[in-house]
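So the chains spell out like this:
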Amino acid sequence: MNRKLLGAALLAMATLLFNPAWASDAPAVDRTATGGAQTLEDIMARQQQLKMDESFRSENLGNPANAKPITEQLGTRGGVSDSDVWRGIRYNQSDIKTQARGPGADVLIQDGGMPWYKLREGPMITYGGGALLGIILLLVVFYFVRGKIMIDGGPSGTKIERFKAIERFGHWLLAGSFIALALTGLITLMGRSFLIPVIGHEAYSTLAVGSKWLHNNVAWAFMLGLVMTFVMWVAHNIPNKLDWQWIKAGGGIFTKSHPSSKKFNAGQKIIFWTVMLLGVSVSLSGLSLLFPFEMPMFAGTFSVINSVIGTDFPTALTPHEEMQYANIWHSIVAFAMMVAIIAHIYIGSVGMEGAFDAMGNGQVDREWARQHHDLWVEEVEAKQGKGGSS
Amino acid sequence: MKVMAAAFVVALVIAFCAPVVLNQFGWSSAEQGSSTSVRLD
Ligand code: HEM
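For the protein sequence lines, the chains are D and F, in the order given. Mapping of the first sequence onto the numbering used here: residues 233 to 622, in sequence order. Mapping of the second sequence onto the numbering used here: residues 9 to 49, in sequence order.
Among the hints, erroneous ones may be present.
As the list claims (entries may be wrong) - In silico EDC-like pairs for lysine to aspartate or glutamate, Cα to Cα no more than 16 Å straight-line: (1) F:10 <-> D:589; (2) D:300 <-> D:316; (3) D:300 <-> D:314; (4) F:10 <-> D:544; (5) D:495 <-> D:599; (6) D:283 <-> D:589.
Claimed, not checked - Simulated DEER-style distance windows between Cβ atoms: (7) D:262 <-> F:34: 53 to 61 Å; (8) D:390 <-> F:9: 15 to 23 Å; (9) F:10 <-> D:535: 27 to 35 Å; (10) F:34 <-> D:309: 40 to 48 Å.
Unchecked claim - Partial list, computed: chain D residues near chain F (C-beta under 7 Å): (11) 362; (12) 397; (13) 400; (14) 449; (15) 592.
No lab work stands behind these hints, which were simulated from the structure alone. Note that CB positions come from ideal geometry on N, CA and C, so glycine has one too.
Generate the whole structure from the sequences, applying the supplied hints.
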């Protein structure tokens, strides 16, 4: 898989989905007939989701100094009309005092809710779910075309230690929690569409509450697993010239050759960095969701992105919008990870003879190791020759 | 395989401990969803 392509596709998707700059501009509207108030054209333009200059509304908040006294005809209470007051609330210009406390409490009306909801129930499920089915289909096809990758000439019968217990522990902490997170996350995202119609509201309610509990709490194990595996394996995952050879040979997957490799080949390094980078991103956006309104990060991120690549992402976000972006981003990253991980699980289990042992009991067949990680075997043997261990 | 099982168990132990620890820092997951988190003052 090409990590650059994945990144570009993700960014393109994110941009297309949220960037209002992509909407075409609404034609200028003449509002003299309404005295500056909204016209039918304005309403139609909004329905067509054209990008419009809202200042005729957002800045039209009434001026108590010009208001007619309440005793006169059309006199307004407090000097501003009801419409003025509602516009003030709608554009967050009013000085709101609420009994409820918290960063989100003072925003009484915000626009993002419906677009967020529709994005989450619609494209998120369609493209995300589609990507999962797509990779599964691809792997099934791969299995039938290429078959299981076997050890040429069969296993040698002698073993060599590939991963220590602590490494396998870190891997399974990461993997176990990730699979729990993926399943409970999918239940949360897709339950309303796919589970409620089948199992009903009551059963789904129990499932949803349980999923939420597990998802929120097992996330800490995932973060720990991420840190552990990063620390233990990063040194073996620094890209080098050999990786380029490996990629040019396509990993030998179709030519049935065995390009040279040290402990991790280029394909594994791609998995490693995908897991680490996306893992950090999914963790950060997850923390932002776990502690609502306490850790907003999108306004800041957007302003950095804007200044670097000149995009037009919004940088003034209400607390709720921050949460909506965190939610959508969390899902996009999670789907990207799931796609990569499904392929990883395939190759680490049914896809390749002898691979699972590396994480199963830590001992791999020497012949498997020679074929897939020849230079690593040489290193280990050289060390053992000197009386050291792997 | 023992290591794998141990890691899964530890993942669950962490999950059960997480809300308890967060509670110590004054963040209650039970309170998040309840109406008592809305303070009237
Ligand atoms: C049932 C699920 C899984 C199986 C069977 C599995 C299997 C394996 C195996 C056999 C290896 C060692 C490969 C080698 O010897 O070179 C490995 C490595 C690794 N696994 Fe997994 N794994 C699973 C799930 C996961 C998950 C969910 C993640 C992360 C979220 C993950 C992340 C990694 C990473 C980063 C490596 C090191 C790089 C690599 O070898 O690609 N694994 N896995």
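Hint check results:
no.	hint	result
1	F:10 <-> D:589	holds, 13 Å
2	D:300 <-> D:316	holds, 14 Å
3	D:300 <-> D:314	holds, 14 Å
4	F:10 <-> D:544	violated, 52 Å
5	D:495 <-> D:599	holds, 14 Å
6	D:283 <-> D:589	violated, 57 Å
7	D:262 <-> F:34: 53 to 61 Å	holds, 57 Å
8	D:390 <-> F:9: 15 to 23 Å	holds, 21 Å
9	F:10 <-> D:535: 27 to 35 Å	violated, 49 Å
10	F:34 <-> D:309: 40 to 48 Å	holds, 43 Å
11	362	violated, 29 Å
12	397	holds, 5 Å
13	400	holds, 4 Å
14	449	holds, 4 Å
15	592	holds, 6 Å
The structure fails hints 4, 6, 9, 11 (numbered hints given earlier, in ascending order).
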